[in-house]
Amino acid sequence: MNKNILICGVGGQGTVLASRIIAAAAMEEGHPVHSAETIGMAQRGGSVTSHIRIGESAYSPLLPWGSADILMAFEPAEAVRNLKYLKKGGVAVVNTAATRPVTEAFRPTGYDGSEMTAWLRDKCACIFVDAHEVCRPFGSEKFFNVIMLGIAAGSGQLFLSKDTLLRQLKKQIPPRYLDINLQAFLAGYEIGTQKSK
Amino acid sequence: MKQYVMGNGAIALGALAAGVGLVAGYPGTPSSEIIETVSRAPHEGVHLEWSVNEKAALEVAAAAAYSGARALVTMKQMGLNVASDPLMSVSYIGVKGGLVIVSADDPGPISSQTEQDTRRFADFCRIPVFDPSSPEEAFEMIQDAFELSEKYGTPVLFRPTTRVCHAYAAVDAPEQFSPKPFEGFVKDSGKWVIFPRLSYINHGRLEQRNAEIAGHLSSYRFNTSEGAPSRKAVIASGVSYAYVKECLQGRNDIRLIRIATAFPFPEDFLLSALEGVQEVLCVEELSPYIEEQVLKTAGRHHLPLRVSGKLDGSVPHNGEISVELASRILKDFLGLDTACEPLNDADAPALPVRPPVLCAGCPHRASFYAVKQAMKGKKAFFCGDIGCYTLGNAMPLDMVDTCLCMGAGITIAQGLNHTNPDAVCFAFVGDSTFFASGMTGVVNAVYNEADIVLCVLDNSTTAMTGHQPHPGTGRNMMGNIVDKVDIAKVLEGIGVRTVMTVNPLDLRSSVEAVSTCAALPGVKAIIFKSPCIALSRPSARCAVDPAKCTGCKKCIREIGCPALVASGGKVTIDPNLCTGCRLCAQVCPFSAVGGACHE
Chain S
14 MNKNILICGV GGQGTVLASR IIAAAAMEEG HPVHSAETIG MAQRGGSVTS HIRIGESAYS
74 PLLPWGSADI LMAFEPAEAV RNLKYLKKGG VAVVNTAATR PVTEAFRPTG YDGSEMTAWL
134 RDKCACIFVD AHEVCRPFGS EKFFNVIMLG IAAGSGQLFL SKDTLLRQLK KQIPPRYLDI
194 NLQAFLAGYE IGTQKSK
Chain U
31 MKQYVMGNGA IALGALAAGV GLVAGYPGTP SSEIIETVSR APHEGVHLEW SVNEKAALEV
91 AAAAAYSGAR ALVTMKQMGL NVASDPLMSV SYIGVKGGLV IVSADDPGPI SSQTEQDTRR
151 FADFCRIPVF DPSSPEEAFE MIQDAFELSE KYGTPVLFRP TTRVCHAYAA VDAPEQFSPK
211 PFEGFVKDSG KWVIFPRLSY INHGRLEQRN AEIAGHLSSY RFNTSEGAPS RKAVIASGVS
271 YAYVKECLQG RNDIRLIRIA TAFPFPEDFL LSALEGVQEV LCVEELSPYI EEQVLKTAGR
331 HHLPLRVSGK LDGSVPHNGE ISVELASRIL KDFLGLDTAC EPLNDADAPA LPVRPPVLCA
391 GCPHRASFYA VKQAMKGKKA FFCGDIGCYT LGNAMPLDMV DTCLCMGAGI TIAQGLNHTN
451 PDAVCFAFVG DSTFFASGMT GVVNAVYNEA DIVLCVLDNS TTAMTGHQPH PGTGRNMMGN
511 IVDKVDIAKV LEGIGVRTVM TVNPLDLRSS VEAVSTCAAL PGVKAIIFKS PCIALSRPSA
571 RCAVDPAKCT GCKKCIREIG CPALVASGGK VTIDPNLCTG CRLCAQVCPF SAVGGACHE
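Chains S and U, in that order, are what the protein sequence lines are. Numbers 14 to 210, taken from our numbering, label the letters of the first sequence in order. Numbers 31 to 629, taken from our numbering, label the letters of the second sequence in order.
Where hints are given, some of them may not hold.
To be verified - Simulated pairs of lysine to aspartate or glutamate, EDC-like, Cα-Cα distance not exceeding 16 Å:
hint: 1; chain 1: S; residue 1: K136; chain 2: U; residue 2: E371
hint: 2; chain 1: U; residue 1: K583; chain 2: S; residue 2: E117
hint: 3; chain 1: S; residue 1: K101; chain 2: U; residue 2: D375
hint: 4; chain 1: S; residue 1: K136; chain 2: U; residue 2: D377
Source of the hints: derived by calculation from the structure; they are not laboratory data.
Just chain U, with the same shape it has in the complex:
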């Protein structure tokens, strides 16, 4: 049946069609909808989980593959850094059932900390990687990835990029799925226990295997060569191939080569596709991976080939490629004009900027504001983390001094404390991030005697990536209600002596809690507990009494809630946005905000 799905949906349906028996992952844009699609599709017999982090997900899935089941792991590219420990080793150990790791890259970057390239990881770990250019291809290719993984007993990476993950297309997926039958785990310590001797042997084997796979992939149907042989050829991969195709619509006098499997590099295929070619342009996003392989191939075979791309400045190193950029690059290389001419907007009026902001009524705003109030006039550092609450950096809150990677706020705060003992060091961490990689940081703080205030912004969900459940929510992806892992008890168990839980929407108690904790030595924790307003949107609204509002705009200047609107010298509250959190009512020096009045 034809289904119109997002690229991530196509990946999920493809994996189900391949008979996947276990799916695990950690949310991260642009990969999160893969697991969500599996959960909505019929998937009886499939174990499905949001794991606590990517490393856990990969290890759970690797064991399923040891048992002979087909297993899928999903994450964004930054998650692969977290999963890289098991990934390196499972590459040496190998698998019995197919193991495919989807690591979604994010050129731009649109919602990531780096523009890293999963194809390089594949090379580094010595495992194959697939690179789809559209949702339709992703649907087919993920099935090929499982076949290849099982045939050669190796984990396989699958690397879509944001524009493929988030593009919609129709795919023809079966209506029912069932996991491929498997044998179960068979003990064999000579195979499943990694020891230096085994690694030595397997290292040799995997290089030999990769040479074989490269040969196999040289005739892979998605490594394609189109157009008549020409003196100048273009090589592209992933969504860049789609952009180049868009530019070259209908032209078959230019050779277009597409590499869908960057590692192991299909050298034989490239050699035949390059016959008669004297100049080649490599169009790819992120790193010049294919370009380097082409240079290597040209060197090894003494080809009289001129190679352009990122390394000679023809293609930018950073950012996405678009049709417009591809068109400009092709114009320089081929001397042909492929762009449609847009309307001239050079004289357009200055456009308002719309930075993303915390939602109206977001409890994070109140938590940040409480800390800010309590620390007024004191030297304090605010270490942020990954999640919606990174947006606490925006004016007027301005409450994020550092942000590095998942869980790092807690440990960065410790390093700042050891080197800046005169400052109060705060770490802000979301509930999901706390479970993902915050807990070990707290152990480190307790053990190494850091003086920090840990603020857990507990909104009972993984909000930024689309409200996935986590161990603190009491729900899992098998649809079961499970015991909630209690953050306060975890902290107490670690040995944090002061653990307070406050409602951030109660400003006075929140400020008090922060002031108390800031004055104490050691590790102190405040759990700011209030649900994400996108999950349980309250029906209450606040309203400004125009007779009392003096137009001082303190509310707007201090908390910057999008529901607060300055109009006619006064402030009004947009009833379409207000959630009745009453933070502004507690900030207003003239008690002009009424409510929360229920509708």
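In isolation and in its complexed conformation, chain S is listed as follows:
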């Protein structure tokens, strides 16, 4: 199996946890895994990406353009910024709720993400999800990363079994936050299954 996964978003959205769970799950299923994440100054409110490469023939730590089987975009403009990584026929899971850059407050451009989702719709197969809406039952957007992981898994595009992912969540999330995270994952999984029917 050779699979490439790109996760993108804005610093602070929890993309790193999603990436670590996917990498660990793929390893548990016996695949060679390589990944790379944005680290350092860019983490502070900047655009961030995680590149995950599953399989034998991955040499570059970053995905080549046009190679991602799935693009997990935690933010609509970040989906557009990173669309070049998606391969033809690949699927993008996109949060439609925009994170406006800090500069927007004093140099407004009117960015709200809608233009991004409209453009993406014509470019590739997309699963759109509104983070505000799906996080509401959980009382905090902090769980969006795990919901997103569930959606990607439920869509069938992660090529990893639900059980393996659940096992890894149990392994990597501290016990006192585990229950709500498992619920978030399962809720996402359900959304993913529904939306990809």
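Based on these hints, arrange chain U on the given structure of chain S.
Frame of chain S; chain U shown alone:
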């Protein structure tokens, strides 16, 4: 046991597997996680420290190697500039135990001031350098580096780049480590005391040794030649090799040569790998180091070889190489198409830019704002330094006029003061940077009668690189609680007569302190003391009373905190980001910000 680790983790585990007995370094992206990994791994018997700077780290480690222990030093490439004084000399003096200096290069640059090349430093200092292309290789190669260092009695450089340092892969590391036993320091002043006569002798010896090492490295398993002999060959090193491999997937009709040890250059290996080759393309990041060695080799051996790379414009001098760039370069050279075609995004809507900013509630924002307020309408220069607070340059604060290198803000402010006596000259320095290379600058200011205001932004950590402890924090990497080195006392000891300590989140007292200091002659210091919010995130939140908010947006225009959001003609505070610092409450002319209300 297989462990999934970052490249830096692989380097740490490799060093532990090699029996390292002392590890020292100074934090710097992309190298910081090496020491952090050592601290989390079982490492009984290993002395581990964040040294005060890279020069100190290298000297501490060199002495361990004099004693016969294996020692590892870690830093980013800029740190090697700081450590270059002992590095040059220890190259002449040599070592008994293995001494490996990891200097992580940062093509791009992604988070550095320069795109310097550690391989050149190796050449300059006349010591070997290893250049891994992946975390797995780094794990093995660092062990080879220790072997080589000990075998030839020379310090060895180890040069990963950001993409190797920050890539994750599985490595098979032992579960327990123990330092390699060593003899201890044996006095021998003819060996350990550098004198001109000894340097003369050792210079000759080290050149002789390097010729030997070059021969040895010519059969090193990571200097590889793949693919059938072809008229056109590609030479790559480090992560560029991985990019070229990615492009050439599965093709074995093109000769691909990889040089993992740029110095001493494995010339014999290259000569045999180049047999039958008429044109060669060198794909490497940073400087055209290997390209120049290939040209030298071709010249010395009268090879009818055409060499392309950076020097003929085939490969860009600056920036990273990527799969896409490698693919374009290979297409020009080999005439073959290796790229996957991406989706067309030429018609994409304009994307928002996301410059990095100070976190919501960051005390640095408040410190900068206080200085800005106090200096309103006055001619003042603001000399910044290296750390999170470099981000004080962003709008709307716009409070960094210069930034050069670690500790330079303090001395740049002095030079500006001597040449612009009509301006108030400020130096901003973080606590970790103050200890690393700020103190000597303050001595210089006092001695040479500069009029400057020193602002120490003391957030009790080394925040930018991931919150490492430093001498002011009272914790060290051996897990011990130690006496804090008190910055105020250090400054007083140096002879700074006015030293004030203020809480930057108290705007009025901070502005007062700045105004007072700006009016005094000589060196004045203000310690803005408030912990990094990423370390001790307060549970308080502020909220805007919509009845009082007039929508003037002064808070947003003046302090630019990411938690302040303009919506519906008013300002709201994002409770997910707010830390309740109350800076905006002190800025609001209508007292519309309530809180900090505890949850």
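For the pair we were handed, U/K583 and S/E117, check the Cα-Cα distance against 16 Å. 13 Å, holds
So if I understand the rule, the pair passes when the alpha-carbon distance is 16 Å or less; does S/K136 with U/D377 pass? 10 Å, holds
With the threshold set at 16 Å, check whether the alpha-carbon distance from S/K136 to U/E371 stays at or below it. 14 Å, holds
For the pair supplied as a hint, S/K101 and U/D375, confirm whether the alpha-carbon distance does not exceed 16 Å. Since the Cα atoms of S/K101 and U/D375 sit roughly 12 Å apart, the hinted pair holds (cutoff 16 Å).
Of the hints listed earlier, there is not a single one the structure fails to meet.
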